[in-house]
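**Student:** Could you slot chain W onto chain X? The hints should help.
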Amino acid sequence: MSNVKIKLENVSKIYPGNIIAVNDLNLDIYEHELFVLIGPSGCGKTTTLKMINRLIEPTKGKIYIDGKDISRINPVELRLNIGYVIQDVGLFPHMTAGENIAIVPKLKKWPKDAIEKRVTELFNMIGLPAEIFSKRYPHELSGGQRQRIGVARALAADPPIVLMDEPFGALDPITRVILQDEFLKIKKIIKKTIVFVTHDIEEAVKLGDRLGIMKDGKLIQVGTPRDILKNPIDQFVRSIIGADKIYKRIDVLKVEDFLIKDAPAINLKCSLKEAEDFMLKSNTEAVIVIDEQKRPIGIVSWADIYQSNDKKIPVENVLKTINLQIEMGENALEAFKKMANLNLPFAPVVDDNGELKGIITFNNVMKILVS
Amino acid sequence: MFRLIEHLQLAFYSLILALAVGILIGIFISKYTKLAIPIISVAGILDTIPSLAILSVLIPLVGIGKPPAIITLFLYSLMPIIRNTYVGIREINPAIIEAAEGMGMTEMQILIKVRLPLALPVIMAGIRTAGVLLVGIATIASLIGAGGLGEILFLGITSMNIDLILAGAIPVAFLAVITEIVLGRLEKAMIPRGLKK
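These protein sequence lines map, in sequence, to chains X and W. At position 81 of the first sequence the residue is numbered 81 (the numbering used here), and the sequence of numbers has no breaks. Each position in the second sequence, counted from 1, maps to that position plus 1000 in the numbering used here.
By construction, these hints were calculated from the structure, which means they are not laboratory data. Accuracy of the hints is not assured; some may be wrong.
What the hints assert, rightly or not - Derived EDC-like pairs (lysine to aspartate or glutamate); straight-line CA-CA distance at most 20 Å:
no., chain 1, residue 1, chain 2, residue 2
1, X, LYS108, W, GLU1107
2, W, LYS1113, X, GLU77
3, X, LYS109, W, GLU1107
4, W, LYS1031, W, GLU1107
5, W, LYS1188, X, GLU140
6, X, LYS261, X, GLU292
7, X, LYS106, W, GLU1098
8, W, LYS1113, X, GLU99
9, X, LYS106, W, GLU1107
10, X, LYS357, X, ASP310
11, X, LYS294, X, ASP352
12, X, LYS108, W, GLU1098
Since the model is a prediction, treat every value here as computed from it, not as a measurement.
Next up, chain X with everything else stripped away, as it sits in the complex:
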């Protein structure tokens, strides 16, 4: 994620009557990332997308692909190397699914057997058996099947860049989720630079490596879904991501977003007396017991301390072991699920070396999500 694949430099699109669709946009899209442009209708996201394959020419500014100014590339040549998927699919109704997928390879004059091989390969990838579907016409397919064919068609000639304009927008919610999941899998295999337009924040967060939030032709905020969900730059972004509904997107947050760093911890060699003092001082109900390598071993609560009259014995004799360790970088939702399964109110979080980094607790979840 270091090479800039697509660069937009001071790009504006102004229509007659001084209608500004895109306003001085600067954006770097990196190789092999899926960049989502999101915003309300009329924000200029589709216009921006279509300027990348020159379906729309910018009024001002330059767009570069691999450092080359695309206004100097023949548009037909340019588009043959950029996959394009649109909401209404745009499958040619007079051609079979197989013929539709073969369009760009044919335009690029691939040999016949290579086209056939590629088409079969793509049918496999989108999970539709070629022998059944290649001879079907678009009107003989369901909306979801058509959209899969649309994606396969865009990928047919293996273009390094794919532009997708609300590709799942016209589908029913269940189909949409299924196709998104399939697409996520495909995305991992194909290694493409994908620019994806949507107005659905759930979709953006689910699919995007980075998001660009647009309003009135301007990019308001660019960042990973996590960055944006955590630190929306203004009220507009907050409204786009639906800050009130953020709990629904706990799935993009990671363990460290909920980490309580100064978790009370004591060494296993400490005596019960020391533990008692420590707990009183830190006003806690329980402490984590760690070994010499700072690895969490278990917990000690007030009950454990009171069960023994001998306050000189080390805590390692009374501690309760915890059979759950969460690692830094883990998906927060998964971590909380594990905690819930074991009925634990909190869990220690460790780094790569197994060293205690802090804890996560259920109590803290709402505090962080609501803030």
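**Tutor:** Using the frame of chain X, we list chain W on its own:
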């Protein structure tokens, strides 16, 4: 029998001519839409001029016989073909054209591989209309010596011979019906399978 073939020839030649010119004009005005209304109006006006009037105007220009007849018939059949080509192309879902452009098809590839095949059902309907129209109007062409079944019909009228009138009129009527059926079949056969619902 000879008159029947002559009649068909008249209709056929003018239809071919009208197809070539009409489809080209139709494609042209679907691209330059500002011209669409004026051109379709002109073609429409041509259709309203009585055929006899056009025939008579053409006599001083190209004489009598087959040429003025074919020109007249051609002018009549132009209208449905231009209009249907235009409508057929304009009615295509813009998303399909956008997808074609976005995939890197040239203007010409889009026309030949996308626009025309998709407009074909509508264009074929226009051809059928024109064909039936031509078979009827070709009857009048005999008045300027172009031959055809009209020759028999008008001979019958002038000589008050009912047998001759029927010998002309019945084949013309049959011919119109058969043209309709044949062109209808052709239309079905030519429409790409994916467009049949």
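**Student:** Determine for every hint whether it applies to the structure shown.
**Tutor:** Against the structure, the hints come out as follows:
1. X/LYS108 with W/GLU1107: Distance of about 16 Å is within 20 Å: holds.
2. W/LYS1113 with X/GLU77: holds (18 Å)
3. X/LYS109 with W/GLU1107: holds (17 Å)
4. W/LYS1031 with W/GLU1107: Judged against 20 Å, a Cα distance of about 11 Å means the pair holds.
5. W/LYS1188 with X/GLU140: Distance of about 19 Å is within 20 Å: holds.
6. X/LYS261 with X/GLU292: holds (19 Å)
7. X/LYS106 with W/GLU1098: holds (18 Å)
8. W/LYS1113 with X/GLU99: holds (12 Å)
9. X/LYS106 with W/GLU1107: holds (16 Å)
10. X/LYS357 with X/ASP310: Violated, at about 31 Å.
11. X/LYS294 with X/ASP352: With a Cα-Cα distance of about 12 Å, the restraint between X/LYS294 and X/ASP352 holds, given a limit of 20 Å.
12. X/LYS108 with W/GLU1098: With Cα atoms ~19 Å apart, X/LYS108 and W/GLU1098 stay inside 20 Å; holds.
Hint compliance for this structure: hint 10 alone is broken.
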